[in-house]
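Here is how the chains run, residue by residue.
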Amino acid sequence: KNQVEQSPQSLIILEGKNCTLQCNYTVSPFSNLRWYKQDTGRGPVSLTIMTFSENTKSNGRYTATLDADTKQSSLHITASQLSDSASYICVVSSQSGTYKYIFGTGTRLKVLA
Amino acid sequence: NAGVTQTPKFRVLKTGQSMTLLCAQDMNHEYMYWYRQDPGMGLRLIHYSVGEGTTAKGEVPDGYNVSRLKKQNFLLGLESAAPSQTSVYFCASTGTGVTEAFFGQGTRLTVV
Chain P
1 KNQVEQSPQS
11 LIILEGKNCT
21 LQCNYTVSPF
31 SNLRWYKQDT
41 GRGPVSLTIM
51 TFSENTKSNG
61 RYTATLDADT
71 KQSSLHITAS
81 QLSDSASYIC
91 VVSSQSGTYK
101 YIFGTGTRLK
111 VLA
Chain X
1 NAGVTQTPKF
11 RVLKTGQSMT
21 LLCAQDMNHE
31 YMYWYRQDPG
41 MGLRLIHYSV
51 GEGTTAKGEV
61 PDGYNVSRLK
71 KQNFLLGLES
81 AAPSQTSVYF
91 CASTGTGVTE
101 AFFGQGTRLT
111 VV
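Top line first, the protein sequences correspond to chains P and X. Using my numbering, you'd call the opening residue of the first sequence number 1 and step up by one each time. Using my numbering, you'd call the opening residue of the second sequence number 1 and step up by one each time.
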């Protein structure tokens with residue numbers, strides 16, 4: 001069964017600290033993996049997209065890594081800011097251009113001043 | 001550049017009433033999707049469309065219908081609302097290939 005599991009479910013950190021969110025998946029065949037940020041009451045916004053051949057991709061203070069062999073991905077947030085408080089969703093696609101996006105349940109991050 | 005726009009943003013329905021949610025995108029995307037988001041669950045696909053005039057069922061299609069008469073619009077209909085359809089609904093669109101998906105702001109629907 002195609003599944004995407006994220007950990008931790010929630011995380012609280014102090015402003016300025018770094019953190020890493022985890023995503024494990026069992027989706028096959030793999031096409032690409034995406035990380036989204038979802039602010040409360042808003043729609044998800046894309047952070048990164050990685051295909052099979054990409055090991056890492058950055059978007060400002062966000063760096064995503066992908067290990068296609070172990071089927072694991074991580075999202076590292078550097079020097080966290082209050083505005084990073086949001087849910088971070090890992091999404092895995094099994095085929096490009098079709099509906100087969102499998103969503104994780106997200107990690108809820110709270111950054112405290 | 002509006003991206004993906006959903007209307008309405010909030011709605012309260014009584015059981016048995018009907019309504020239509022509208023999704024409009026201005027990026028000339030071929031693919032459009034309707035999802036629902038419930039607490040503790042990942043987004044689940046209701047219906048999707050791979051082009052104008054086409055629709056297909058997703059993971060949780062029961063109780064919903066869709067239409068895509070124009071490329072830029074994707075409508076989601078509830079013919080007879082049930083409390084189990086209380087949720088936040090998101091529309092998304094993508095181009096072809098491995099491209100970014102853009103989401104609307106969501107519609108919070110409560111069925112009482």
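Quick caveat, the hints were computed from the structure, so don't treat them as lab data. Warning: the hint list may mix true and false statements.
Stated by the list, open to error - 30 Å max Cα-Cα, derived DSS-like pairs, lysine-lysine:
| # | chain 1 | residue 1 | chain 2 | residue 2 |
| --- | --- | --- | --- | --- |
| 1 | P | K100 | P | K71 |
| 2 | P | K110 | X | K9 |
| 3 | X | K70 | P | K71 |
| 4 | X | K71 | X | K9 |
| 5 | P | K1 | P | K57 |
| 6 | P | K17 | P | K100 |
| 7 | P | K110 | P | K17 |
| 8 | X | K57 | X | K70 |
| 9 | P | K1 | X | K9 |
| 10 | X | K71 | P | K71 |
| 11 | X | K57 | P | K100 |
| 12 | P | K100 | X | K9 |
| 13 | P | K1 | X | K70 |
| 14 | P | K110 | P | K71 |
As the list claims (entries may be wrong) - Stretch by stretch, here's where chain X covers chain P in the computed footprint (C-beta under 8 Å, at least three residues):
| # | segment |
| --- | --- |
| 15 | 13 to 23 |
| 16 | 71 to 85 |
| 17 | 104 to 112 |
To be verified - A short, non-exhaustive set of chain P residues, derived as facing chain X with CB atoms under 10 Å:
| # | residue |
| --- | --- |
| 18 | Q9 |
| 19 | Q38 |
| 20 | K57 |
| 21 | Y62 |
| 22 | I89 |
| 23 | V91 |
Glycine included, each C-beta is placed from N, C-alpha and C at the ideal position.
Results of checking the hints against the structure:
1. K100/P x K71/P: 17 Å, holds
2. K110/P x K9/X: Given that 30 Å is the threshold and the Cα spacing comes to 25 Å, the pair holds.
3. K70/X x K71/P: The hint is violated at about 39 Å.
4. K71/X x K9/X: Distance ~22 Å between K71/X and K9/X Cα, so the pair holds.
5. K1/P x K57/P: Roughly 27 Å between the alpha carbons, so the hint for K1/P and K57/P holds.
6. K17/P x K100/P: Status violated; Cα separation ~35 Å.
7. K110/P x K17/P: At roughly 12 Å apart (the allowed maximum being 30 Å), K17/P and K110/P satisfy the hint.
8. K57/X x K70/X: Roughly 18 Å between the alpha carbons, so the hint for K57/X and K70/X holds.
9. K1/P x K9/X: 34 Å, violated
10. K71/X x K71/P: 36 Å, violated
11. K57/X x K100/P: Cα-Cα ~12 Å, so holds.
12. K100/P x K9/X: OK: K100/P and K9/X at ~26 Å, within 30 Å.
13. K1/P x K70/X: 35 Å, violated
14. K110/P x K71/P: 26 Å, holds
15. 13 to 23: Since three or more residues must qualify, the claim that chain X covers the segment 13 to 23 of chain P is violated, with 0 doing so at under 8 Å.
16. 71 to 85: That given contact is violated, which follows from only 0 residues of the segment 71 to 85 of chain P lying within Cβ reach (below 8 Å) of chain X.
17. 104 to 112: Holds, because 3 residues of the segment 104 to 112 of chain P bring their Cβ atoms closer than 8 Å to Cβ atoms of chain X.
18. Q9: It holds, given that the least Cβ distance between Q9/P and chain X is near 9 Å, below 10 Å.
19. Q38: 8 Å, holds
20. K57: 12 Å, violated
21. Y62: 14 Å, violated
22. I89: 7 Å, holds
23. V91: V91/P check passes; min Cβ-Cβ to chain X is 8 Å, inside 10 Å.
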